[in-house]
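Colleague: Each chain is listed here by its residues.
Protein chains: 2
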Amino acid sequence: MLFFVGLGLFDELDISVRGLEVVRQADLVLAEFYTSRLMGSSAKRLSQLYGRPVTLLSRSDVEESPGWLSEARDKDVAFLVGGDPMISTTHLDLRLRAEEMGIPTRVIHSSTIASAVPGLTGLQNYRFGRSASIPFPYKARGKRIVPETPYMVFSENRRQNLHTLLYLDIQEDHFMTVNQGIECLLEVAVAGGETELGQALGVGVARAGSDGCMVRAGTLSQLVEIDFGPPLHILVMPGGLHFMEARALQVLAKASPELVRRFEI
Amino acid sequence: MLFFVGLGLFDELDISVRGLEVVRQADLVLAEFYTSRLMGSSAKRLSQLYGRPVTLLSRSDVEESPGWLSEARDKDVAFLVGGDPMISTTHLDLRLRAEEMGIPTRVIHSSTIASAVPGLTGLQNYRFGRSASIPFPYKARGKRIVPETPYMVFSENRRQNLHTLLYLDIQEDHFMTVNQGIECLLEVAVAGGETELGQALGVGVARAGSDGCMVRAGTLSQLVEIDFGPPLHILVMPGGLHFMEARALQVLAKASPELVRRFEI
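Top to bottom, those sequences are chains A and B. Residues in the first sequence are numbered consecutively from 1, following our numbering. Residues in the second sequence are numbered consecutively from 1001, following our numbering.
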């Protein structure tokens, strides 16, 4: 049996009690931390709390030569990932390969940023439209490319008065900040002729799930000046605010009454 | 301090290790199960596993006279809810009241249906548009009313080729089934002139997070004939399928190759 065990939002305590039982009873415990990071922990600390050796897999162990998969034919293998498992296509692909090999699989769910953000910000979950990721700008043929997709997704949601959750890129040990994410959005907006996006409302969230979680609302021009501290960061672009959401952004995200009033519907 | 502790998807083992620590150290442990249900458990079983008395609150204890809130001024109060906390406006309102009374609050996140569904079905989370709830039809002035909002939300997502997660109504001990949810959608569609919705693709999910979880894909006309068993149920209306999603629905949701081929993009 192959168990995909979600480790949740932040550190080794965010696993579920069910997940912990699976890990403690498994014959083999593997983890991968390149599709998502458990910022507050490490394979070593996981091993200590769980009382089991945890083997960290590389990208190629997971994507190219998952020879360990056949171990799950006659052993219980726990495969640990940050957040809720199966959000990454990589995990889905592994699960389908296993099922196609006749290996039964089971998903042990956990907390994840997509459901934590409505709770942390007070923005209602049913008012979120499609989410998107902001990738780091890159160079192609000597030209700087800032991908337009996140801005397009945000624009479409805004048209429908929905909130947008924007994941911020992770490349090796580079974590995109709220500030960098905003700069990407502004750059694409200006290139497309929207020069006033700096006056739009944004909410930055850092270190969701930890005691040091930080949530701040402001115009993009205000937020871009704020230091959100260590990763992970995430950016929310709210649609128009319902009354309770406006109240929540004042209490939970230090927004001024004047600011939220401008965006209430 | 007031802790909002998420109990996760299904039973008393879905709480996080962090959540369990908070419950065990709290001076007072309260729970409410009317905004969401922990189908696989009860306040009594929670008490047994957690080794603490758990007091079940009524709707009026929570919404009208939460006198217990002031206990959190100088005690640690753990407030337990199914799923991830703060998804319900009721919890947000409580949290804001507490903060406005000067009581610090902390959210302990957990697994929730919105993040579990992409994992269970293989439908990619970034391809979900806005979600909606299908309420039970009701009578007003002797006329049967089937609310149109879920169909409208689905239609708008379909136009953008996005998936739609449809929560199914709970009223007291009545849990809407996948079948009833589909019937509501079909009724609204036909009234609006769309007579072919029965041929659209749907995915029914029952008892997410449990060992007895069931996931089936089919046309709505096929799904409406399937018995999904005990609650909770949820319905997904996929947009066009990417290759990996089509493969996943065959492996994880017993869809036939012919069926998914019709919806691949």
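Hints in this document: simulated from the structure, not taken from any laboratory. Don't take every hint at face value.
[Claimed, not checked] Dumping the calculated DSSO-like pairs for lysine-lysine here, alpha-carbon to alpha-carbon at most 30 angstroms:
#1 K1075(B) to K1044(B)
#2 K1075(B) to K254(A)
#3 K44(A) to K75(A)
#4 K75(A) to K1075(B)
Colleague: Determine for every hint whether it applies to the structure shown.
Modeller: Here is how each hint holds up against the structure:
1. Distance hint between K1075(B) and K1044(B) is fulfilled; the C-alpha atoms sit about 23 angstroms from each other, no more than 30 angstroms.
2. Restraint check for K1075(B) and K254(A): the C-alpha separation of about 26 angstroms stays at or below 30 angstroms, so the hint holds.
3. For a cut-off of 30 angstroms, the pair hint linking K44(A) to K75(A) stands: about 23 angstroms separates their Cα positions.
4. Annotation: proposed proximity of K75(A) to K1075(B) is violated, straight-line Cα distance about 46 angstroms (limit 30 angstroms).
Of the numbered hints given earlier, the model fails hint 4 alone.
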